[in-house]
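> In order, the protein sequences belong to chains A and B.
If you read the first sequence in the numbering used here, its first letter stands for residue 1, the second for the next number, and so on.
If you read the second sequence in the numbering used here, its first letter stands for residue 302, the second for the next number, and so on.
Hints were generated in silico from the structure; no laboratory data involved.
We treat Cβ as the ideally placed atom computed from N, Cα and C, and that holds for glycine.
Treat the hints with care, as some may be off.
Stated by the list, open to error - Far from chain A, by Cβ distances over 10 Å, these chain B residues were calculated:
(1) 481
(2) 515
(3) 585
(4) 639
(5) 823
Claimed, not checked - Calculated cross-link-like contacts (lysine-lysine; reagent style DSS-like; alpha-carbon spacing at most 27 Å):
(6) B:832 to A:247
(7) B:657 to A:247
(8) A:119 to A:177
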Amino acid sequence: MKARIFVFKAMMVLLSAAFLDSCVEDTTIPTTDSAYVPVIYGTITDQNIRQGIEITSSRGYFDKKENARIADALVVLCEDSAAIHRTYILTQDSVGSGVYMTRDEMRGRPGWTYSLQVKMDFNHDGTVETYTAESKMPKKVDLDSLAIEKIKEGDYTMYAVNISAVDPKDENYYFGKYSINGKLYNAISKYILFDDMSLNGQKIRGLTIHYFFDRTDKDQFSDDDAKDMIFMSSGDKITLQVSNINKDYWDFISDCINQENGSNPMFGGPATNISTNISNGARGFLTAYCVSSASATAPAE
Amino acid sequence: MNIKRLALTSYCVLLVGVPHMLYAQKEKSVIDSIGKVKIKNNKQYAKEVVISEVVVSSKKKDNNVTGTVVGLQSLTGNEIKKIPALMGEVDVIKAIQLLPGVQVPSEGSCGFNVQGGTMDQNLILLDNVNVYNASHMFGFFSVFNNDAVESADLYKGDLPIKYGGRLSSLLDVKLKDDSPEKITGTGGLGLISSRLTVEGPLGKNTSWLVSARRSYADVFLRMSSDPEKKNEYLYFYDIDAKMSHRFSLKDKFYLNIYNGYDRFIAPFGKIGYGNSLISGCWNHLFSDNLFSKLSLNYSRYKYDLVWTVTGAKVDWMSDIQDLELRWDLSYMLSEKLRMTYGTSSVFHSLDPALIKRPGYPDFRMQRSYALEHNVYIGLEQTVNRHLSLNYGARFTAFRNIGKGIVYNYDQNYQATGFHVYGNGKIYHTYIRPELRASAVYLLDEKSSLKACFSHNVQFLQMANNSDSGSPFDLWFPASPNIKPQEADLYSLGYFRNFHHNAIETSAEVYYKKMRNVIDFKDNAQLLFNEKLDGEVRTGTGKSCGVELMVKKNTGRLTGFVNYTLARTERTIPGINNGKTYLAPSDKTHSVNVLASYQLNKKWDFSAEWVFATGAPVTYPTGRFEINGEYYPIYSGRNNDRRKPYHRLDVSATYHPHPKSKKWSHGEWVFSVYNIYWHKNPWMTYFDQDTDDGFPHAKMIYLFGAVPSITYNFNF
């Protein structure tokens, strides 16, 4: 991912260096809307909370209306180990929100399988359709430490997010979610995605998994770029949640990040649908993972 | 007349610059293999003819009509030079893109697709050595310095029998091979780069050529008021060196070296990539009828990306190397029958990634090795005055050798196990024939019908999802999990020349059927993936089209107009739900117009207009929302098309001192690319509006009208 961003930057410098008049402008694309499909997204974690999923409907890509929430679904979540099988009925606290929660707090367990069944008459044809998904929670990987390092690269000041942990020997895939000064950045495009391809089975010491630019450098970016960036300042407190996740969920996040803005002729492949583990033509994902958290403060120097 | 031996074949002597052109065109002379001149039509002329220049050409003027190769398009360095160029950088591949049946992958790219093929289905040779990535500056310019280029021949499908391994085409670029009597040179100063080519003799039997080019965008960057850009470097260079020595009338040795590299350095890291080619070649005449060429060729394409941010330095290196030994022979069995035959062996080494990270052991993805052995035999036969044939076969044994890991996959492409093969262990072999047959039937002296069948096989392919000039190519071989790609090409053409070959016309139709063509599963992970085989999907493809061409070769106004009507499809299980979809290179209509006009001795003008149906593209037909962000839903691959592509380029060349050979008396080339500023979309992307939060589309176009000025000189 970093390589792609880097090459894209190289490309932009090339163009400006060659005095090209490359331009970005709004355009309209005549598209035909496809039939609406249900969208089911849920995460089950090892935190003792009310676990939940969200059900919405897709829309035409350029529609100027919010995606509809699905209020009349029957949602059943099951957890299975070799010896235990439990079933939970998920309901909406506020009917019409499309958010279905377990009644009580519950904690997911590594190695257990979580399966979801959603029944609804999505297209209002009098027939109830069933949508299912399943995810096995991977084992937990504990963060040993989190450190923020302030660095200067060229004219930029940046904060490197460095983690230490022990990577298990088998193939592992990770994602990180963070909050800065208590504000959680939960959009998938803000997730930090990494794997253990070149580190497999090793003790990771101060591995940099992400950079934040200093807020004072915001002016060095165009408004269009800056609106999608997260900046930090000295003294900011970051809380990082790192999770060992299944490969298929890692792929889902990667697809979301890659496909969010459409395909790119320089680096991207063909535009393709984001992967899903929901059955029966629905979009979205059900995943289960453990959460390991650590906090650190951005240093002054 | 002093005639030099060039090679074993017949040559026409064309008299150029003769005051009485009528006489000159009627003259037909042939030089035999030992340099004697035979006058076939020795007329007595009433007037004395003064010859100012003799041009010896290995190609007949009516070669487009009489030649047995179907789908061959040839350009010379001088022809290429006349074409208006982006930022004044005259470019071989940009010229090739104007030929019928050739499509441009994306705006500004120096890649090309031939008759519905992909870019990696083109075999690109520089003096017989394979060039794996022919691009500079992220694909905007090619690696070929036109000042050193003698000719560029594009074979569309019907490859010469001695070459194979690609489905779509061969681009055969030859550097100059003349032996000037004294040191001469040519060069130029442009906005992007400067170049210099010098050639000359070294004693009686040795000649040499050195050609170099370097861009200087980095110099402009250092002038930038932007402090960040001041610390950035962006440049490319390339050097061609060629030496030939004639040991005797029967033996000649060539040594060719090419080295080119691109470098981009920024505060965060650097990117470098380039080709290195070395070729040694020994030509020997065993007899007047038997010619041999023994060559040893080495090709390497490498790239590296270094991420240098403090504490997280990562160095990623990758390369592909070929070492080839080949022996090509040509035997003239009779005046009507020539046989070519030979053999070659190539050792392929493919290194997808070596990652160095301080404090951690080096990580190297598994290299791939392969041996490719070929034997071939072909015959050129003149059956009678009307019918000529060209046919042959080549057989290839492609062998995967260890050390290597082969994964086993289930029907869902999930790895179920693997097998490790030791060093040097041959663990899989494909033996595939490639067949070529073409026929030319001369209807009369001016027109002919040509037909061709060609069966091509490809053992190496590129895992690159992008359609632009990304340097991060990843080639991978046929293996137990991936069968070689194969294509059958059928083509038929009618050729007719007018006005003593001054005007060439042609109409060709083709149909190409492909098997085991590859594509990649949705959202494939191509880089840093040891189980790349599991990301590949294979199926069938077909391509068909009509290509029309009118070309005017002589007079003040020269140029061509061509039109291509084409369709290219793929059907691959696992892609687009198994339904047939348009290939990315499918462009229904393509029109190219090139016109050059010599106003007088001091001014030349050229104009080029290109039009093409918009490339197939996949636009979203729906969206879903998660955590406040919208993501696209697609209904099918390549269901939509971009807007049509078109632009007009113009150039004017001013020769202040037309006859002078002083470097200071050179020519000035003024050009404007895309003069009417058509906004050809390079990329369409989607963004969420800052006001209402809903997705909207944005379009990037790379070039408005781009003026340039170049100074060219000779000495």
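> Evaluate each hint against the coordinates.
Verification of the supplied hints:
no.	hint	result
1	481	holds (35 Å)
2	515	holds (14 Å)
3	585	holds (47 Å)
4	639	holds (45 Å)
5	823	violated (4 Å)
6	B:832 to A:247	holds (14 Å)
7	B:657 to A:247	holds (24 Å)
8	A:119 to A:177	violated (31 Å)
Violated hints for the displayed structure, listed by number in ascending order: 5, 8.
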